[in-house]
Amino acid sequence: MQITEQDLRLLIADMESARVERTLTATKKDKLGEAVCAFANDISGEGKPGCILVGVADDGTIEGTHVDDALLRSLAELRNDGSVLPKPSLQVEKREIDGKQIIVVSVMPSIFPPVRYKGIVWIRTGPTRSRATEQDERILVERRIASAQSFDAAPCPDAALDDLSINEFLYYRSLAVASDIIDENNRSLANQLASLRLYNNKTACPTFAGILLLSPDPRQWLSSAYIQFLRFAGTELDEPPISAKEIGGNLSTMLRQLDDIINIHINERTIPVSTLRETAAYDYPAWALRELLLNAVMHKNYESTQPVRFYWFADRIEIHNPGGLYGEACINFPKNNAYRNPVIAEILKNMGYVNRYGYGIARATKLLHENGNPPPDFQLQINLFGVTIRST
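Under numbering that gives the first Met the number 0, the residue at position 245 of the sequence shown is numbered 244, and the numbers go up by one with no gaps.
Rather than coming from a laboratory, the hints here were simulated on the basis of the structure. It is possible that some hints are incorrect.
Simulated DEER-style distance windows between Cβ atoms [as the list claims (entries may be wrong)]:
id: 1; residue 1: Asn262; residue 2: Ser187; range: 37 to 45 Å
id: 2; residue 1: Ser303; residue 2: Thr60; range: 49 to 57 Å
id: 3; residue 1: Lys93; residue 2: Thr252; range: 42 to 50 Å
id: 4; residue 1: Ala177; residue 2: Ile263; range: 34 to 42 Å
Virtual Cβ for every residue (Gly too), placed ideally from N, Cα, C.
Sequences are here, hints too, so could you generate the full structure?
Laid out in structure tokens, this is it:
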């Protein structure tokens, strides 16, 4: 919802407001990222958007700034580049006030706090931005528990802390949390897990995301937490497969196995480009397959009893994912995206499997085109998301 001019003037003039950050330029990306993170955490609990005003001085003087499409896009990328996790909800707009152009970046409070920028939790206390204390983080964790949760953030009541691999957590923590924060950390293991949405202190049990990431065998609690891989010599499903594997284990193990299977089964051949030179060609680009399978793992409905199905035929690959399109993705797919499992999406980003949010389908389509494959064929059903890609 657009902020009215009257409200905007009030924010500009209020030097004590926790809802506004003023800056003359948008060149300091870290400053902007910290501000987005702090507004998303909404430590005061006002439930109102925070605003970054580009073109307004610290004393409230409206200086204006040069606004072009490139600048607006760069600010909008604060939502998708993965530096702020979980992914923030923000709106970027050009406004004119007193004949001068400014940019207003409106950041909505997150329903999945604590939010981090480059592994650090930032908050606003009055007009000041600062790192969160342990008590601040506890407040944010408790607020998230009290609000509606996605399935991956919900507690797994039959699991316990002992069911998680501490070594796996220490490795993941090194990816998700800034090193100096780790060095200063005196919190209990449960509180550290809870701050990353892997444990629920109120119920004293791991979340389903914690189970998927840190349990050696998530299928004890989530029967469909695996990928069914079948390789066929021909083109029909009723033929016996020549290779079959259930790809399971925690997320790290599962994704490593996927990479191995892709590399083993992709066919490489040489094609002449001149009388003296040849080049390698592939029936499928490995990175396109990887992106589509990551998309399936990220967006799967883990409450379903069905696994992700990865079927490799002689002429095509089919990937079937329990759970149809979710939220905003139901409108204008694939340009819009939404996350059924925001904690799993954050985990994959921290682990380096996802480079930028909302780009996987577009990247896969581009790689297929460059390799000479037809465009992917998507099957969009209420409870199923499918994609078929055909070989070169």
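Now the hints, each set against the structure:
1. Asn262 / Ser187: 37 to 45 Å: holds (41 Å)
2. Ser303 / Thr60: 49 to 57 Å: holds (56 Å)
3. Lys93 / Thr252: 42 to 50 Å: Distance hint for lysine 93, threonine 252 holds at roughly 47 Å.
4. Ala177 / Ile263: 34 to 42 Å: holds (37 Å)
The structure shown violates none of the earlier numbered hints.
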